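Protein chains in written order, with the numbering used here: chain L, 32 to 744; chain A, 32 to 744.
Because the hints were derived from the structure by calculation, they are not lab data. Hints may contain errors.
Chain copies aren't distinguished; within one or between two, either way the pair holds.
Think about it this way: if two alpha-carbon atoms lie no more than 16 Å apart in a straight line, the pair counts; the simulated EDC-like pairs of lysine to aspartate or glutamate are [claimed, not checked]:
#1 386 x 675
#2 695 x 244
#3 213 x 625
#4 204 x 623
#5 679 x 358
#6 712 x 362
#7 696 x 244
#8 204 x 104
#9 261 x 330
#10 329 x 317
#11 271 x 509
#12 329 x 87
#13 60 x 87
Just so we're clear, the structure is a prediction, and the values are computed from it rather than from any experiment.
Number of protein chains: 2
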Amino acid sequence: MILSALLTSVAINLGLCFLFITLYSILRKQPGNITVYSSRLVAEGKVKEGGEFNLERLLPTAGWVRKAWEPSEEEFLSNSGLDAFIFMRIFIFSLKVFMVGGIIGMFVLLPINYLGSQLKDESDFQHKSLDIFTISNVNNGSNRLWIHFCAAYVFTGVVCYLLYNEYQYISSKRIAYFYSSKPQPHQFTILVRGIPVPRGSTCDDAVERFFQEYHPTTYLLHSVVRRSSKLQNLITDADKLYKRLTHLKSKNDAPQRHKRDGLLGLFGPKVDILDHYERRLGSIEDNVRMEQSSVAAKEVPAAFVSFKTRFGAAIALHIQEGINPTEWVTEQAPEPHDVYWPLFTVSFIRRWISKLVVFVACTSLTVLFLIPVAIVQGLTHLDQLETWFPFLKGILRLSVVSQVVTGYLPSLILQLFLSFIPPIMVMLSSLQGYISWSQIQKSACTKVLLFTIWNIFFANVLSGSALYRVNVFLEPKEIPRVLAEAVPSQASFFIAYVVTTGWTNIASELFQLTKLISNFISRIFGSNSDDNFEAPSVPYHSEIPRIRLFALLGVTYFILAPLILPFLLVYFCLGYIIYRNQLLKVYLPKYETEGGYWPTVHNSTIFSLVLMHVIAIGIFGLKKLPLASGLTIPLPVLTLLFNEYCQKRFFPLFKDYPAECLIKKDRADQNEHNMPEFYDKLANSYNDPALMPIKYSERSDSHTSPLLHGFEA
Amino acid sequence: MILSALLTSVAINLGLCFLFITLYSILRKQPGNITVYSSRLVAEGKVKEGGEFNLERLLPTAGWVRKAWEPSEEEFLSNSGLDAFIFMRIFIFSLKVFMVGGIIGMFVLLPINYLGSQLKDESDFQHKSLDIFTISNVNNGSNRLWIHFCAAYVFTGVVCYLLYNEYQYISSKRIAYFYSSKPQPHQFTILVRGIPVPRGSTCDDAVERFFQEYHPTTYLLHSVVRRSSKLQNLITDADKLYKRLTHLKSKNDAPQRHKRDGLLGLFGPKVDILDHYERRLGSIEDNVRMEQSSVAAKEVPAAFVSFKTRFGAAIALHIQEGINPTEWVTEQAPEPHDVYWPLFTVSFIRRWISKLVVFVACTSLTVLFLIPVAIVQGLTHLDQLETWFPFLKGILRLSVVSQVVTGYLPSLILQLFLSFIPPIMVMLSSLQGYISWSQIQKSACTKVLLFTIWNIFFANVLSGSALYRVNVFLEPKEIPRVLAEAVPSQASFFIAYVVTTGWTNIASELFQLTKLISNFISRIFGSNSDDNFEAPSVPYHSEIPRIRLFALLGVTYFILAPLILPFLLVYFCLGYIIYRNQLLKVYLPKYETEGGYWPTVHNSTIFSLVLMHVIAIGIFGLKKLPLASGLTIPLPVLTLLFNEYCQKRFFPLFKDYPAECLIKKDRADQNEHNMPEFYDKLANSYNDPALMPIKYSERSDSHTSPLLHGFEA
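Please construct the entire structure, taking both the sequences and the accompanying hints into account.
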């Protein structure tokens, strides 16, 4: 890529971003789009649709930027929860890192690279290749490479220092968040799996007897999990029917209420469909009640056990209960509305096997993903298309069309395939035996992160046959050399990637094109009902990996091609303000992992650093400076030791709360809160929603479905 | 090696073993050797020296075999403790494995190997190379190799089944042992390190306040650790002097009691040395008392904290105490006399760094060990010796001498170097920050095991330059091929190794040559005093690795050269009866890890299996049967999965006791034992022995040193 092409691309993409943002600032003020751009506020009842028309509504304004900027960290934390807070800390942390990196890179490394003469680029400035700004342009064996060497050490030191501070800051926030929380059911509850039920007894009895025996002073109550998948299907049906019914009722549209009862509504006697639906709903309700009473007997050997204090729950959680470690397996309970009921795989062995299967599936998906993509991309060659769709022949022969098809279609297909990955990873994680949505999402986040790093970074760097790529990693000695040859040559590709994909992603996050269109369509066809409006929750499992990929690019290319850094700074600045806006207005936090994503972010940063070091070792070798190459070897070792220390120093705090906190909080509760009342509430928290009494038909008139919102109160 | 040579070697070594055993059965009956061959019984006061002379004392008898065989498993367990019991289970387990392996190997694989014609050995039976009994003799591509393939699967299945049963049996024994134990201080105590001492306060106060605050119902008492290394030196001096004094007193040999007080006892005025020693002892005692009072102020931020119940201690142990995970670090306390006081490295960072340093030291020692050995062996070439010691020239020119020197000296040097390894590993482990002798020994056991496998097995298999050896492991793909080429060719070496080193080791373990000689010398020169006689404890850290190496050889060569198996069976049979004898009569268990060595044994067996599989994959490839090679790949995967399951199913039981056991045992105690009395005893259990009041000089007349035996009561 030449310099002028990059500048053109930057101009186009800046223009696009500006356009998106301008459109956003107009569209967000239209009452019809309120559920798209302020969905959280709508769900919380803070904003109502409608409002009179005025001219201001059509003018682009930047007021939203101020509003997103204004809240202090504390306000933001109390407003959006700890997870959202940490999500924003990722941007702040990345900005700090690349600010330092940018200064070193642009004012020290870039001039040195440019002054080299290895590439002998004789063209004028505008047509110079971007490669002359990379380390490839520094002369072989030149002593100037020692500056790159020092930069690697300094940058690593700075990043580690920032990482340490950030980990410390976030763990203190996590403890403070815990202290400030009200008593919540999941803090007092553990999930026990693999309950050995003696013959002739029930699981209910076994749990009661065990905990009365071994935790007599702290044990409070328990609720056994039941197999309720059939019931859940019935309830989903009832729910759908109920919604259709209320929709019909609200319309009060007499002519539409009659329909023929028979094949496709065409034959048979005419009936009042309102009446018909109500009768069907009634019969489903009877079924549900029957099933509910029979489900009571379908016990699964798992139970939620609640204790009188948090410390009591922690004791039962941390000390192996039974002699057989595969029985009485304990686990911290998730928040009640976060429990993932459908796949309550319980036996130890089955969970273990499904974990293995998921691991294999996930690894093969990650490693082999590009093969089907390449095959499908191959099928879109022009001649192939012409044989399939002969009528397109004329159009395809036009040079503009052919350029678009060959240039754009493969990348479109890749994007299409990529967009399926986060849901697939969520599905795989859900098969793994996690008991809560938040754990599933967290595990999917790691999977998507590994997938992204492999398929975007490594696949582009190590282009060639898939088999060749895997082979490199079977010969550890060769890795630095192969990477050092391949990575710098892709510098201009990744600079362009940041400018195009990165910037556009952020801007379209603000603009929410798909939601805008679906909202528009549903408004036209009127199928949208406000009753079951739900604000979306933050898709951490797709967003965090994307952001971390850009950070990885920045760290990896820091000494190779520092030109990438200013573009990344723009990305993180834009991202900071836009995500802050979205988290305040659009996304509603559904469950709280209390900072569970930070260790993933930390680890991915360490990985980027080590990758950078490995490439540096290779580069100094290729550039005929073996001494620098050798002296770089301690750097990854020191970084990994630093990581090891951080894991020991901070990670335990992200798994469990220490005794000190738990006991302090327990004592504070006794004074501040009405605990007996809370214990009463606790008793019903962990009942399967499918087992709650339902009441739809004419006897009920509650406005919202009791199923969806019962637990969020 | 040819068949007749092997048979000669077997005959010689059988003869040697027989000689050793006969000599043992005579020598053990001589009263003078009672401290060598029945040291445990002497230490326990069950046997006294002396007894009249009769002819039977000079006749070899096999009565000791019957006595060693007689005790049932239960008797043995209660007599020698769980660790010794598990040590014997290693032999039983190995016997079972190689019984099955031997039957398959000798009756199925060996005939198939012999019937092959790949090696074209035309010599008569006696002069046939041992190689025709190995897999190398099976024709390339022969379908008979499928029998080897099946044997690998069957053998792996059998070993895994036996491993599972053994793990289950031993963990049940461990639980039973716990239930049958009396209340012991270490069950109620944890060690807390990294205590944050606020300014102006003492560690004593900080511990008291913390545990009163957070464990008010279960906390009993604590004792802070103090820095006492200077004191310990003083006490060692005092101890030596005291021993010399009692020895002198007991002799009552007036002429010897006067000595000149001055340089080398030659100049200066004559003094009564008894008097002189007593005055010196008195002054050291004063120093000790002064130091003891000053040491009280030298607190180390670590303390032994005792609780009222075992469950109370477990709670404090398992739940992170403070907000900073590097403070209030808890650990199960060892038995009081097992505490390793000298190196109480306390700061988290220092312990962590010393762990790293030890890891590096241990790895380099293991990997590079053979280089100095080879260099020293090189120096012993005849011409080198001749230049150094010209007067030996005549002798060295004799062919017998030169043969012995060149053939025997290198192996002697290797053995000499090897004998230093267990003590070095113990030293390295003790630097690692372990708090008890038993942990140090356990960690040294793993280190020696890895060392042995690398330097005996791999070094012999992959002969060549050291650098080349390391290189193979950097190219994982090549490992099966390289091993498959190298391992079978060393079969005859390892068969000879089992017969020579293995059998001799076991027999000399019975004979205890070095101890016999030192006992003989000390009896002649009379420097031995019965006062401080101590029975040795089992050197698990050198014995277990040696035994596991032979098991590794057996498993690895099972399909390659089944001829090794009968010799191994002899080894394990001999070992079973001899070690049983030694554990009953010679070794006194000093501390109990309660089965802590079994996981090491289990893991080493799994490692041998996987190594066997990797070699099989390579062998089938070399033998031009790629299908069998491919179909063997699932075998190591399945074995590792099996191991993973075992780790989950049994390993937790070897780390900590479950709540069920702890609470049951606590309740039983309340009924069975006088707990207030036990608590009183507990109060003084974890005081540093160096801080105990001492009393040597004429005021004291206790027979045994108060230091050495104070804690074993």
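- Would you list, in rising numerical order, the hints stated earlier that this structure does not obey? Numbers 6, 10, 11 and 12, in rising order.
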